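> So you can see what is in the structure, the chains are spelled out below.
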Amino acid sequence: MNGPSVADMLVVDDLRVAFPNREGGMTEAVRGVSFRLGRERLGIVGESGSGKSQTGRAILGLTAPEGRVTANRMEFDGIDLLHSSARQRRALRGGRIAMVLQDPKFSLNPVMSIGDQIVETLDAHARVSRREARDRALETLRQVQIDNPERVFDLYPHEVSGGMGQRAMIAMMLIADPDLLIADEPTSALDVTVQLQLLAILDRLVTDRGMGLVFISHDLRLVSTFCDRILVMYAGKVVEELSAGGLQDAQHPYTRGLVNCLPRLGEHRHPLPTLDRRPEWAL
Amino acid sequence: MTARPVAAGLAIDNLSVVYDEFTAVDNVSIRVEPGQSFGIVGESGSGKSTILRAVCGLAPRTAGAVSLVAPPGDRTGALPAPGSREFRRRVQMVFQDPYGSLHPRQTIDRTLAEPLAIHRMGDAETRIERALDEVGLGKGFRFRYPHQLSGGQRQRVAIARALILEPQILLLDEPTSALDASVQAEVLNLLEEMRRRHGLTFVLVSHDLAVVTHMCERLMVMQRGRRVEELSADDLALSRVSDPYTQRLMVASRGFRRGGPEAA
Chain A
1 MNGPSVADML
11 VVDDLRVAFP
21 NREGGMTEAV
31 RGVSFRLGRE
41 RLGIVGESGS
51 GKSQTGRAIL
61 GLTAPEGRVT
71 ANRMEFDGID
81 LLHSSARQRR
91 ALRGGRIAMV
101 LQDPKFSLNP
111 VMSIGDQIVE
121 TLDAHARVSR
131 REARDRALET
141 LRQVQIDNPE
151 RVFDLYPHEV
161 SGGMGQRAMI
171 AMMLIADPDL
181 LIADEPTSAL
191 DVTVQLQLLA
201 ILDRLVTDRG
211 MGLVFISHDL
221 RLVSTFCDRI
231 LVMYAGKVVE
241 ELSAGGLQDA
251 QHPYTRGLVN
261 CLPRLGEHRH
271 PLPTLDRRPE
281 WAL
Chain B
1 MTARPVAAGL
11 AIDNLSVVYD
21 EFTAVDNVSI
31 RVEPGQSFGI
41 VGESGSGKST
51 ILRAVCGLAP
61 RTAGAVSLVA
71 PPGDRTGALP
81 APGSREFRRR
91 VQMVFQDPYG
101 SLHPRQTIDR
111 TLAEPLAIHR
121 MGDAETRIER
131 ALDEVGLGKG
141 FRFRYPHQLS
151 GGQRQRVAIA
161 RALILEPQIL
171 LLDEPTSALD
181 ASVQAEVLNL
191 LEEMRRRHGL
201 TFVLVSHDLA
211 VVTHMCERLM
221 VMQRGRRVEE
231 LSADDLALSR
241 VSDPYTQRLM
251 VASRGFRRGG
261 PEAA
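Chains A and B are the protein sequences, given in the same order. As numbered in our numbering, residues 1 to 283 make up the first sequence, in order. As numbered in our numbering, residues 1 to 264 make up the second sequence, in order.
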């Protein structure tokens, strides 16, 4: 593997993303997020409005045009993302940094067959013959454990289930062989059993290919069982970093509150503890 | 608070819902005693929501019967039949998506006034204010629009809309799955309090086993329109499940396991 070195594939230092508000000022959605990522699975967990998705989008350069992204440093494999041109960003996006979004129903093109969409991704990043493009697309579909890739290649998004659609999305991201995958709630629209199948596929791909993965999710339980390291975000900031399976050792009252308010099998807690949001957490 | 009618249960006998060639619900029977809370668990397409929709008339009943169950010893006479206005008042539904289930161009006041007008219940002013108080929103929310509310606040409005008709049975279709975990806890607590205060009967549909065992005494697991098994929440909590599908759901609810069965 001759990609970026392990320690610093992605360096984010004091990332801030702000959007104009109605009062004519700017509201910060991300307020100083810093982390480094190697070839590992990093989870970013938070509730709606915590800034987790905006963090992922800023790394890809997909922040809405009215938004303002600033940071001390934001580098991918030594490339300065803050000062690279739109053209440089475009070359990275989809090629070396890929993204999987939540709902395949909305993120796949409804009027293009699944196979053609995968081939389109490949065409954007490599020069290949039609024949080879098709073969590689079929091979990628096989890698996301689609049993009958020839059939799925010609299907349209509305003809496949949510789980199949999301596999197709992942296949589309993988075909360009990225170093870093940013997955924003990739399994939240899926049934629990399908969710686990997809995670197993992602897990194997990350391990086999040595990819880095940023897994953004609201689901603390899922992320804590899947990722090597977890950043917990609240009101635009990282309030706590946890290691895999370290959910029980969480120190921050927000994380602990979030763990506690989930109903658990085999426990009778009526009423459920609720989260008492302290103003000082958002400082 | 006015005196409420006694609790009523719900009986579903051999219900089938068939759309053209597709059987969404295949010969399912459940009996929910008055005041009980019953859960239906399953994945997408299992038919769990269709059962609720068939009970309140939003999905066609191809075969089978739905009826209310009077508490033992109750002699108040005939219970209303499904489809009648009185049945529709007594059996109310709370939908999954509070972003989709409230009319975006109507104030909360109009949303709550409409069911009262349909069911010719007077004293709208007092009832609306009381309903908003009950769900913890207060009068200040009366003339707001849904877009000015958070997801949790909208779901409280949806619950107020159901409760304002003084129902006996609440059909809850994934009432918290669109909400953040911390908001889910608040809404579940509210539902439990309402059930206790008004002696309501719940039928709760969810894909989340932990939510169902938290809220319900008994539950049914469904797959592809059919009943897989029916068991008590305690059985499930203690892993006393017989069917392999239920076991798979249980394992899945604990999160990801490296080298688990899915990795194969």
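By construction, these hints were calculated from the structure, which means they are not laboratory data. It is possible that part of the hints are untrue.
[Stated by the list, open to error] What follows is a list of derived Cβ distance ranges for each label pair:
1) B:103 to A:277: 25 to 31 Å
2) A:269 to B:73: 31 to 37 Å
3) A:154 to B:136: 49 to 55 Å
4) A:120 to B:82: 37 to 43 Å
For clarity, every value in this text was computed on a predicted model and none was experimentally measured. Cβ coordinates follow ideal geometry from the N, Cα and C atoms, glycine included.
> Evaluate each hint against the coordinates.
Going down the list of hints, with the structure as the test:
| no. | hint | in the structure |
| --- | --- | --- |
| 1 | B:103 to A:277: 25 to 31 Å | 30 Å, holds |
| 2 | A:269 to B:73: 31 to 37 Å | 34 Å, holds |
| 3 | A:154 to B:136: 49 to 55 Å | 52 Å, holds |
| 4 | A:120 to B:82: 37 to 43 Å | 51 Å, violated |
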